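*Asks:* If you want the building blocks of each chain, they are given just below.
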Amino acid sequence: MLLNSFQQQAFDHQRPVIEKFGRKTWMWTIFFLLWIILGGYALYLQIADGHIVTGMRDNVVWGLYIANFIFFIGISYAGAVISGILHILNVEWRKPIIRIAEMITVIATIIGPVFILLCVGRFDRLHHLILYPRLQSPITWDVLAISTYFTGSVIFLYLALIKDFAIYRDAKLKVPKWRQKVYKALAIGYRGTPSQKRHIKISMNLMAIIIIPLAIIVHSVLSWIFGMTLRPGWHSTIFGPYFVLAAIYSGTGVLIMAMWVYRRMYKLYDYIQDKHFIYLGYIMLVLGAGYGYFTFSEYLTDWFGSEKWDSDVIHKLFSFSEYGWWFLFANVAGILLPIFIVAFPKTRKPGWIALASLFMVAALWVKRYLIIVPTLESPLLPIQDTRLEYVKYSPTWVEWALTLAGIATFFLFFTLMSKFVTIIPISEFGDKEKATEKITKPGSEVVPA
Amino acid sequence: MRKIFQILTTSFLALLIISPGKVIAQTDSTKKETATYSPLIEFVSIQKNDNSVDLKTSVKAKINGTLTRLADLKIEFTIGRDSTAKKLGEVITDNKGVAAFNCKPDQLTTDKEGKLNFKASFAGKDSIESAEEIVVVKRGRLEIAPVKEDSLLAVKVKLVDLSTGTEMPVDSTTLGVYVKRLFSALKLGEGTTNASGETTIEIPNDLPGDAKGNLTLLARLDENETYGNLEASVVQQWGTPVSDEVKELPRALWSSHPPIWMLVTFVVLMSTVWGHYLVIIIQLFRLRKEEPKTVS
Amino acid sequence: MKQEETNDRSRRDFLKTAAVATVAATACGSLACSCGSKKQEHVHTGEKIKLLSPDGQMVEIDSSQLHQHHHASTITKAEARSGIPGRKFVMVIDLARCKNARKCVGACQKMHHLPEEKEWLSIKLMKDNDQSAPYWFPKTCFHCDNPPCVKVCPVNATFKRQDGLVLIDNERCIGCKFCMAACPYSTRVFNWEEPKQVFDINDMVANPETSVPSKIGTVEKCDFCPDMVRQGLLPDCVTACPNGVFYFGDENEDTVTNGDETVSFKQLIKDKGGYRYMEELGTKPRVYYLPPRDRMFPVERGYDALPDKLKGRFKDVMEKEIK
Numbered sequence: 001m002l003l004n005s006f007q008q009q010a011f012d013h014q015r016p017v018i019e020k021f022g023r024k025t026w027m028w029t030i031f032f033l034l035w036i037i038l039g040g041y042a043l044y045l046q047i048a049d050g051h052i053v054t055g056m057r058d059n060v061v062w063g064l065y066i067a068n069f070i071f072f073i074g075i076s077y078a079g080a081v082i083s084g085i086l087h088i089l090n091v092e093w094r095k096p097i098i099r100i101a102e103m104i105t106v107i108a109t110i111i112g113p114v115f116i117l118l119c120v121g122r123f124d125r126l127h128h129l130i131l132y133p134r135l136q137s138p139i140t141w142d143v144l145a146i147s148t149y150f151t152g153s154v155i156f157l158y159l160a161l162i163k164d165f166a167i168y169r170d171a172k173l174k175v176p177k178w179r180q181k182v183y184k185a186l187a188i189g190y191r192g193t194p195s196q197k198r199h200i201k202i203s204m205n206l207m208a209i210i211i212i213p214l215a216i217i218v219h220s221v222l223s224w225i226f227g228m229t230l231r232p233g234w235h236s237t238i239f240g241p242y243f244v245l246a247a248i249y250s251g252t253g254v255l256i257m258a259m260w261v262y263r264r265m266y267k268l269y270d271y272i273q274d275k276h277f278i279y280l281g282y283i284m285l286v287l288g289a290g291y292g293y294f295t296f297s298e299y300l301t302d303w304f305g306s307e308k309w310d311s312d313v314i315h316k317l318f319s320f321s322e323y324g325w326w327f328l329f330a331n332v333a334g335i336l337l338p339i340f341i342v343a344f345p346k347t348r349k350p351g352w353i354a355l356a357s358l359f360m361v362a363a364l365w366v367k368r369y370l371i372i373v374p375t376l377e378s379p380l381l382p383i384q385d386t387r388l389e390y391v392k393y394s395p396t397w398v399e400w401a402l403t404l405a406g407i408a409t410f411f412l413f414f415t416l417m418s419k420f421v422t423i424i425p426i427s428e429f430g431d432k433e434k435a436t437e438k439i440t441k442p443g444s445e446v447v448p449a
Numbered sequence: 001m002r003k004i005f006q007i008l009t010t011s012f013l014a015l016l017i018i019s020p021g022k023v024i025a026q027t028d029s030t031k032k033e034t035a036t037y038s039p040l041i042e043f044v045s046i047q048k049n050d051n052s053v054d055l056k057t058s059v060k061a062k063i064n065g066t067l068t069r070l071a072d073l074k075i076e077f078t079i080g081r082d083s084t085a086k087k088l089g090e091v092i093t094d095n096k097g098v099a100a101f102n103c104k105p106d107q108l109t110t111d112k113e114g115k116l117n118f119k120a121s122f123a124g125k126d127s128i129e130s131a132e133e134i135v136v137v138k139r140g141r142l143e144i145a146p147v148k149e150d151s152l153l154a155v156k157v158k159l160v161d162l163s164t165g166t167e168m169p170v171d172s173t174t175l176g177v178y179v180k181r182l183f184s185a186l187k188l189g190e191g192t193t194n195a196s197g198e199t200t201i202e203i204p205n206d207l208p209g210d211a212k213g214n215l216t217l218l219a220r221l222d223e224n225e226t227y228g229n230l231e232a233s234v235v236q237q238w239g240t241p242v243s244d245e246v247k248e249l250p251r252a253l254w255s256s257h258p259p260i261w262m263l264v265t266f267v268v269l270m271s272t273v274w275g276h277y278l279v280i281i282i283q284l285f286r287l288r289k290e291e292p293k294t295v296s
Numbered sequence: 001m002k003q004e005e006t007n008d009r010s011r012r013d014f015l016k017t018a019a020v021a022t023v024a025a026t027a028c029g030s031l032a033c034s035c036g037s038k039k040q041e042h043v044h045t046g047e048k049i050k051l052l053s054p055d056g057q058m059v060e061i062d063s064s065q066l067h068q069h070h071h072a073s074t075i076t077k078a079e080a081r082s083g084i085p086g087r088k089f090v091m092v093i094d095l096a097r098c099k100n101a102r103k104c105v106g107a108c109q110k111m112h113h114l115p116e117e118k119e120w121l122s123i124k125l126m127k128d129n130d131q132s133a134p135y136w137f138p139k140t141c142f143h144c145d146n147p148p149c150v151k152v153c154p155v156n157a158t159f160k161r162q163d164g165l166v167l168i169d170n171e172r173c174i175g176c177k178f179c180m181a182a183c184p185y186s187t188r189v190f191n192w193e194e195p196k197q198v199f200d201i202n203d204m205v206a207n208p209e210t211s212v213p214s215k216i217g218t219v220e221k222c223d224f225c226p227d228m229v230r231q232g233l234l235p236d237c238v239t240a241c242p243n244g245v246f247y248f249g250d251e252n253e254d255t256v257t258n259g260d261e262t263v264s265f266k267q268l269i270k271d272k273g274g275y276r277y278m279e280e281l282g283t284k285p286r287v288y289y290l291p292p293r294d295r296m297f298p299v300e301r302g303y304d305a306l307p308d309k310l311k312g313r314f315k316d317v318m319e320k321e322i323k
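Chains as they are written, first to last, in this note's numbering: chain B, 1 to 449; chain C, 1 to 296; chain W, 1 to 323.
Hints may contain errors.
Unchecked claim - In silico EDC-like pairs for lysine to aspartate or glutamate, Cα to Cα no more than 20 Å straight-line:
1. 320(W) <-> 385(B)
2. 315(W) <-> 49(B)
3. 88(W) <-> 245(C)
4. 212(C) <-> 251(W)
5. 187(C) <-> 251(W)
6. 316(B) <-> 377(B)
7. 48(C) <-> 222(C)
8. 215(W) <-> 49(B)
9. 127(W) <-> 385(B)
10. 315(W) <-> 389(B)
11. 77(W) <-> 171(W)
12. 60(C) <-> 171(W)
13. 118(W) <-> 377(B)
14. 308(B) <-> 280(W)
15. 215(W) <-> 280(W)
16. 266(W) <-> 206(C)
No wet-lab data here; the hints were simulated from the structure.
Values in this document were obtained by computation on a predicted structure and should not be read as measured data.
Please take these sequences and the hints and turn them into a complete structure.
*Replies:* Below is the structure:
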């Protein structure tokens, strides 16, 4: 494989990262594994004793797990937007960050459905979904949509990795033999010939085109799991676009956070530059404004119409003795904070924008919780039960443990992936410039032309 | 030899795994209840128009404050008093505590007053004491005949007394006409017998019937002091037919088969997307084939 | 070469043995199962079984004397899904007569071997608006003709039959609880833990028509007792009610009965202004209510007689009444 000067520089800079599995990485890995093991124990309890160990009961039948599911599928939209839309628009500055975006998509799309599986009462009967499917059910739509979306994102991620795999294969990295073999296999014989380049280009264009409507369908289908029921707060016609927009919004936030973390960890300041944060910040602002508009429209309509059932839910959300503080947090930190931070030039800096993203992502998780639980706590018929756990939902340690285990898995995946492939795609750089240097020389210093 | 042993042990192990509850015995030793219960026998007779008599008993007992029906008890039916008593038969109560017996016309013997003396007795078992109940009714019969005048449907019901050996009409008695339904009988109307013991009661002409439109019409005299319960039935095709064909549910959101448009939409969407994936996979295969032979 | 041959041979032998063993075991197992289910004959077994009476006492009665539970169903799964042809079951609940005696709840729990906390039939205290008087509202599953629960089930575990009933196959159910989220009448309950059944489970073969035995991680609800109906018997809630609140029957026959009174269904709805609860939801329920006017009992009768634990359910509503 021949590289040009930019690519050479990018590769040399990141080479140590994928060659060494240092002590710090081990520490992080073990740290995440501990949380996962705790989650494993919680899962064992749940399977052995039944879902009674969770806080869910006959009224609030869906709780933390479904909130996590929606949340993770939501943040997976980082890939759909950034890679998909920016690819079609052929925006140059997307190139350093598409891999992070696509990784978020793939990993989140793995972890999200695991939370659904945790929520299902009969783990041992999941094959019924394939043997006896009912096409009219939104869950069937979900199964089809998510598996299609997952396949698509994996293909998309892989397509962008082929050229890099070829580079790793030819670079004679100091890595164990099995990894060399994997790189070789995954590079599927890419040598940079014009015809091979064309194959990849066609594939990526096709993928970028198809992944956007696919992403829209997937999260719409997810929203219809709520929208198709007759419950107040759920039976809303804007749930489809609302969820899609919220997903892209939260995906952007996670992308910014990931960029910030990797930039610091692997000293990628030359590649993930301030301008990336600012451009993504602008995108976040626009999406935030849109999300805020949808939120405002949703609650204004429910509140103004003051229908009995809707009013019950609105009351729960607005009253400070119930979910009022959470609702306030979700909207201030989720909408106003990012918008203001990006709007003012003084705070339009990577650190601030990353902080705003952190709050925004947390706020959007709270928002998913607020969509699910207050509605389930306000059924159309009065609950009239003396058992408190049947009236109000409070998640148990099992649910929290599994939530944290999911987040730890997310981070663990990222840690391991960053050791396997370079975070900044090498092959994307300076396509225009001719490749002159052979990659075989490690650590060669080349002055950019 | 070894093979047979292998098969036996593996079968035994597999059996243990397959049927856990059966092999591991559950032994519970608890104190035996020493209390005894005295049962209540509800006993009615129904004289039918085919001259047979239905005898129905329902056996209950108050156990721990609730009236519980007792199953599996042997009830003995006898007819006649004292020395003339003749055993009719034995029936074991079902799971609802009900024992029913049909007395054939030739088994019916009346006493001097033309009355039938029935007795239902229970001999007692374990913790349940013995009990008996008697029913004394005069022999009588209801007759029912369909009457149709143009579009007007009716039944003529006649009540006769059989206690004297000859049929004597009974007047001034109110009886009802019913149509037999799934769980009970729906009252259609009632009438009072005239001097000749007859009354004509109208039947509505829009009653739902069975698949062929048949109705089972009943004439009933309930809980009469003298005769007990009398019943007569006739089947007429006077109802509107209600189909009993096994129906397949239509394609709908709520049935097991989705609407066609839904199916089509799914197939189109899925094949579009997965078709794209297929094209991409083919592109990648072509890419691999085009690997130059020389290693650069 | 020889070593591989012997390895192959021993592997083949093992597989053969295992196959024969499994077949033999399954045959023995199913034989044992069928032997077990034969217990339904009313033979005086001399065996004592323990029964939990409604006031929570453990009573020991000879098993043959208290066969009040549902028979093991001889209906095939296909028949259970298809339903009883020619019938369209319907229920009418007379709110003017209900005094919250809760005999219906107890009977349903006894018949389906449910623990006290699990209510397939629950009684709510409803107060339509500030001015109206509260009334007791027995709520079964409405077996809707446009059932939101059936619409959303991904595996066809809950299904609508031609006789109008909506049943659950708890061997198909994966426990996703979507049906519970979709039902606007909160009628479904979930087995969050291993169900506390109070009878010998081995007697019962699972069938959607009996809805027992309960299985952990699955949904269940009122089923209108189709196995009783097939025997020409009314569901237990109907016969247990001391005030004749529940009328049950076949809409095709246009007849409903509460055990004592048998009336024309259409006439009853017309005369007493029968309505369906939350008709505007479009679910087309098969349970009609007769409005609570000319009440048989004052509402306090049903509240004062309750044990404290249950009183707590309705305190909010009743406190406003008692003032």
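*Asks:* Next step is simple, just say for each hint if it's right about the structure.
*Replies:* Here is what the structure says about each hint:
1. 320(W) <-> 385(B): Holds - the C-alpha atoms of residue 385(B) and residue 320(W) are around 18 Å apart, at most 20 Å.
2. 315(W) <-> 49(B): 33 Å, violated
3. 88(W) <-> 245(C): OK: residue 88(W) and residue 245(C) at ~13 Å, within 20 Å.
4. 212(C) <-> 251(W): 17 Å, holds
5. 187(C) <-> 251(W): This hinted pair holds, its Cα atoms lying about 16 Å apart.
6. 316(B) <-> 377(B): Roughly 9 Å separates the two Cα atoms, so the pair holds.
7. 48(C) <-> 222(C): 12 Å, holds
8. 215(W) <-> 49(B): 13 Å, holds
9. 127(W) <-> 385(B): 16 Å, holds
10. 315(W) <-> 389(B): Given that 20 Å is the threshold and the Cα spacing comes to 18 Å, the pair holds.
11. 77(W) <-> 171(W): 11 Å, holds
12. 60(C) <-> 171(W): 36 Å, violated
13. 118(W) <-> 377(B): With Cα atoms ~19 Å apart, residue 118(W) and residue 377(B) stay inside 20 Å; holds.
14. 308(B) <-> 280(W): 14 Å, holds
15. 215(W) <-> 280(W): With a Cα-Cα distance of about 34 Å, the restraint between residue 215(W) and residue 280(W) is violated, given a limit of 20 Å.
16. 266(W) <-> 206(C): Holds - the C-alpha atoms of residue 206(C) and residue 266(W) are around 13 Å apart, at most 20 Å.
The structure fails to meet hints 2, 12, 15 from the earlier list, while all remaining hints are met.
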